[in-house]
Amino acid sequence: MADDRAREGRVALVTGGTEGIGRAIATALLDDGAHVAVTGRRAEKGARMLAALDVGDRLHFIESDALADGEPGRVARLVADRLGPIEILVNNVGGGTGEYGRIDTISPDSYRRGFELNVMTSVEATHAVLPQMIERGWGRILMVASLEGKLPTLPGVGPYVTAKHALIGLAKSIAFDVGEFGITCNTLCPGYVDIPTRVRSQSASAGRANSGRYADPQTNYKLLTRTGRHATLDEVAHGAMSLLAESAGAITGTTLNVDGGSSPF
353 MADDRAREGR VALVTGGTEG IGRAIATALL DDGAHVAVTG RRAEKGARML
403 AALDVGDRLH FIESDALADG EPGRVARLVA DRLGPIEILV NNVGGGTGEY
453 GRIDTISPDS YRRGFELNVM TSVEATHAVL PQMIERGWGR ILMVASLEGK
503 LPTLPGVGPY VTAKHALIGL AKSIAFDVGE FGITCNTLCP GYVDIPTRVR
553 SQSASAGRAN SGRYADPQTN YKLLTRTGRH ATLDEVAHGA MSLLAESAGA
603 ITGTTLNVDG GSSPF
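One rule links them: number in my numbering = place in the sequence shown (from 1) + 352.
In short, the hints are calculated from the structure, not lab data.
One should not assume that every hint holds.
Unchecked claim - What follows is a list of derived Cβ distance ranges for each label pair:
1) E487 with G580: 44 to 52 Å
2) A399 with R426: 29 to 37 Å
3) F617 with R426: 20 to 28 Å
4) G521 with G450: 18 to 26 Å
5) D433 with L402: 31 to 39 Å
6) G361 with G521: 14 to 22 Å
7) H590 with L405: 37 to 45 Å
8) D546 with D383: 36 to 44 Å
9) T579 with S599: 25 to 33 Å
10) A404 with G436: 35 to 43 Å
11) R426 with F533: 19 to 27 Å
12) E360 with P460: 45 to 53 Å
13) F617 with G447: 32 to 40 Å
Ideal Cβ placement from N, Cα and C applies to all residues, glycine included.
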């Protein structure tokens with residue numbers, strides 16, 4: 353099997369990379385010797401990450417709001433100037449809209465916001481970075497979606513579920529278009545992950561939308577997963593690294609579930 357330390361020296365951009373899944377993937381890339389830029393909205397989180405990982409100039413933080421006009425292009429140019437052309441792009445920006453309920457009880461604007469946050473941020477980042485990959489004849493693009501993009505497990509989160517389904521479709525269409533350039537595009541679909549903030553968010557969304565058997569995510573994941581537990585961040589990052597590997601050139605347009613067997617497809 354090829355030595356995937358071949359990622360050593362590669363330049364990677366991880367959007368939304370200062371905490372949770374994004375940080376875990378960025379850390380795994382650093383461990384493999386890559387040069388990594390991460391974006392985030394809060395400078396203090398970036399500063400803490402730089403101090404904690406202490407890898408010198410192989411890690412750069414860029415304060416950025418992915419929803420601001422022109423930001424993806426600015427970030428792509430900044431990374432290229434600091435580190436060189438981007439070869440690995442992890443689109444991790446996303447999340448819920450903060451509005452929960454059936455489609456007839458929430459604003460249609462919530463769906464628009466969900467699409468902007470989860471899909472258009474990835475569209476714009478990929479649009480900005482892809483020319484650098486095409487010029488080099490190599491690239492790895494990864495969309496971080498969710499189990500909810502394959503199999504809804506919580507009620508009342510339609511905007512999030514809809515956007516994550518769309519993100520999977522986006523990755524498939526990009527893969528179809530860029531394969532001839534040595535570039536792959538895949539989607540990672542984490543299920544229940546052991547992140548305290550995420551568990552609290554799941555509890556809040558389920559509680560707001562439904563007071564029945566779905567209201568407790570602890571019960572939810574035990575019913576849904578074959579493992580009976582949350583995935584760890586290291587396990588999610590391992591899944592991501594398998595799709596970003598040098599030897600994964602024939603794996604494109606697919607989704608990888610890291611969900612303890614929750615999804616049947």
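Now the hints, each set against the structure:
Between E487 and G580 the Cβ separation comes to about 47 Å, which falls inside the hinted range of 44 to 52 Å. A hinted range of 29 to 37 Å is violated for the C-beta pair A399 and R426, which are about 20 Å apart. Range check, F617 to R426: Cβ separation about 38 Å, and the 20 to 28 Å hint is violated. Judged by the Cβ atoms, the range 18 to 26 Å given for G521 and G450 holds: they are separated by roughly 24 Å.
Range check, D433 to L402: about 18 Å between beta-carbon atoms, so the 31 to 39 Å window is missed. For G361 and G521, the Cβ-Cβ distance of about 33 Å falls outside the hinted range of 14 to 22 Å, so the restraint is violated. The hinted window of 37 to 45 Å between H590 and L405 is violated, with their beta carbons roughly 18 Å apart. The hint said 36 to 44 Å for the Cβ distance between D546 and D383, and at roughly 19 Å that hint is violated.
Against the hinted window of 25 to 33 Å, the Cβ-Cβ separation of T579 and S599 comes to about 27 Å, which satisfies the hint. Checked against the hint of 35 to 43 Å, the pair A404 and G436 fails, with Cβ atoms roughly 24 Å apart. Separated by about 24 Å at the C-beta atoms, R426 and F533 satisfy the suggested range of 19 to 27 Å. For the hinted restraint 45 to 53 Å between E360 and P460, the CB-CB distance of approximately 47 Å keeps it satisfied.
At about 24 Å, the CB distance of F617 to G447 disagrees with the hint of 32 to 40 Å.
The structure is inconsistent with the numbered hints 2, 3, 5, 6, 7, 8, 10, 13, although it conforms to all the rest.
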